[in-house]
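Heads up: the protein sequence lines correspond to chains A and B, in order. Just so you know, we're using the UniProt record's numbering here: the first sequence kicks off at 1 and counts up by one. Just so you know, we're using the UniProt record's numbering here: the second sequence kicks off at 1 and counts up by one.
What the hints contain is simulated information worked out from the structure, not anything from laboratory work. Treat the hints with care, as some may be off.
[To be verified] The calculated DMTMM-like cross-link candidates involving lysine to aspartate or glutamate, where the alpha carbons are at most 20 Å apart (straight line), are:
{"no.": "1", "chain 1": "B", "residue 1": "K5", "chain 2": "B", "residue 2": "E21"}
{"no.": "2", "chain 1": "B", "residue 1": "K263", "chain 2": "B", "residue 2": "E279"}
{"no.": "3", "chain 1": "B", "residue 1": "K5", "chain 2": "B", "residue 2": "E212"}
{"no.": "4", "chain 1": "B", "residue 1": "K5", "chain 2": "B", "residue 2": "E122"}
{"no.": "5", "chain 1": "B", "residue 1": "K352", "chain 2": "A", "residue 2": "E123"}
{"no.": "6", "chain 1": "B", "residue 1": "K5", "chain 2": "B", "residue 2": "D82"}
{"no.": "7", "chain 1": "B", "residue 1": "K352", "chain 2": "A", "residue 2": "E20"}
{"no.": "8", "chain 1": "B", "residue 1": "K263", "chain 2": "B", "residue 2": "E122"}
{"no.": "9", "chain 1": "B", "residue 1": "K352", "chain 2": "A", "residue 2": "D114"}
In this text the structure is predicted, and so the values were computed from the model without any measurement.
Letter by letter, the chains look like this.
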Amino acid sequence: MFEIPDDRKYLESHEWTTTEGDTVRIGISDFAQDELGDVVFVELPTEGDELDAGDEFGVVESIKAVSDLYAPISGTVTAVNEALFDAPELVNDDPYGDGWMFEMEPSDTDEFDDLLSPEEYREQTE
Amino acid sequence: MGLRKPPLYDAHEDAGAHFTEFGGWDMPVEYDSIKAEHAAVRESVGIFDVSHMSEIEVSGPDATALMQRLTTNDVAALEPGDSQYSAIVNDEGVIIDDTVVYRLPDRDNRVYLFIPNAGHDEEMYDRWASFRDEWDLDATVEDVTEDWAMFAVQGPDALDTVSEAAPDASLGDLSKFQATFADVAGIECWVARTGYTGEDGFEILCPWGDAETVWSALDATPCGLGSRDTLRLEMGYLLSGQDFDPENEPRTPYEAGIGFVVKLDTEFVGRDALEQQHEAGVDETFVGFTLLDRGVPRHGYDIATEDGEVIGVVTSGTMSPTLSEPIGLGYVPVEYADDGTEVHVLVRGREKRAEIVTPPFINQ
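Using the sequences provided together with the hints, build the complete structure.
Listed below in structure tokens is the structure:
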């Protein structure tokens, strides 16, 4: 069984979001990292980038596959996890913790309503 | 038609393997981690189920004549128990397949066994049978793909691992490309000191029905085709259907860097075309490269000059697990093929700097 923490929301395309104060943190799920296998490369947005919900914000590559990453909500990128450039395997080792990808300040918090609850995401991955 | 399955499909599934389609077969691509499986082969020993590889047996008085005329290497040079890497080309000298040809010991009237790539068994059987008939040769051709399971035990500890399961055989006496019948776990197998990883190792053919007994007796890390691909890529070895393909990537052995398997002093289909190319030289050639910028090269990406002119295509690419560097293979005009030449690879449309490197990428 894959870990699907209850403290965040999900996209059908396997990204997760958590909210801490005014910022939202984004990464990919345990299910996604397992499907991809050994992650060897991550391309992320840069600080200050403006993203719309559904925008491609980067790419995660494993040895066997390339996968586009999509922004869960609209907003401005405030931080990226630069540790992933040297250690992309953090996405496999700790997808909900040290393997986070970037943070943003949301411009429309109503968009959270369009995301999947943990229960809905669990159903999708079963 | 459904995918063909290796005899140990259920056992691989129970071991947690992820599967992928390869040449019409549903094969394990990885068990847990391609990187870990790759490291096991480089550092100790891994075992691959390669039962999807095709097997064709050729025997009878004219077996040598038939093999000689349908493969580019010199089959007559093989003693019983020897094997050789070879190519199968069409009239234009374009590679249809690459293969290992085994000369079997003189018994049971069996003469040759050769291993075409996965999914090529029917095509190769038809090719051999139709040329035999056309040339009126006395040879028997049999597609024995589903008579034999095939395992590759590869890595610096491969000799110890296979010897443990085959205590009565002196496998250490086999030099590279030599083979023998030997009992492995009490089952008579064809054991060859061959492989496609760059490491020492053995390829073991055992009767399809005895696959589980033999596999279980070989104490090595189970590895899938994902790490087989990264291992062969680090060595610059060709992958059928990707680095050459008569439809999508028609290449001759000279272009593909395996001119050493072409023996122009033998008679074979495609010889005249290859002789002409040998005299004239090739326009494009197979090279390796490393990316200097961040990114991962993949099959199908363009290779361009520093001015942006597209000059070739990436046929294989990956992040090398051994080097942790992005490496790739592809074809470029010969004037760009020297080591150290800087080119660009278009990674999802973005120019990344790359440098030509002659494989292997790792020191052997």
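Status of the hints after comparison with the structure:
| no. | hint | result |
| --- | --- | --- |
| 1 | B:K5 / B:E21 | 10 Å, holds |
| 2 | B:K263 / B:E279 | 14 Å, holds |
| 3 | B:K5 / B:E212 | 14 Å, holds |
| 4 | B:K5 / B:E122 | 16 Å, holds |
| 5 | B:K352 / A:E123 | 40 Å, violated |
| 6 | B:K5 / B:D82 | 30 Å, violated |
| 7 | B:K352 / A:E20 | 37 Å, violated |
| 8 | B:K263 / B:E122 | 26 Å, violated |
| 9 | B:K352 / A:D114 | 37 Å, violated |
Hints 5, 6, 7, 8, 9 from the list above are not met by this structure, while the remaining hints are.
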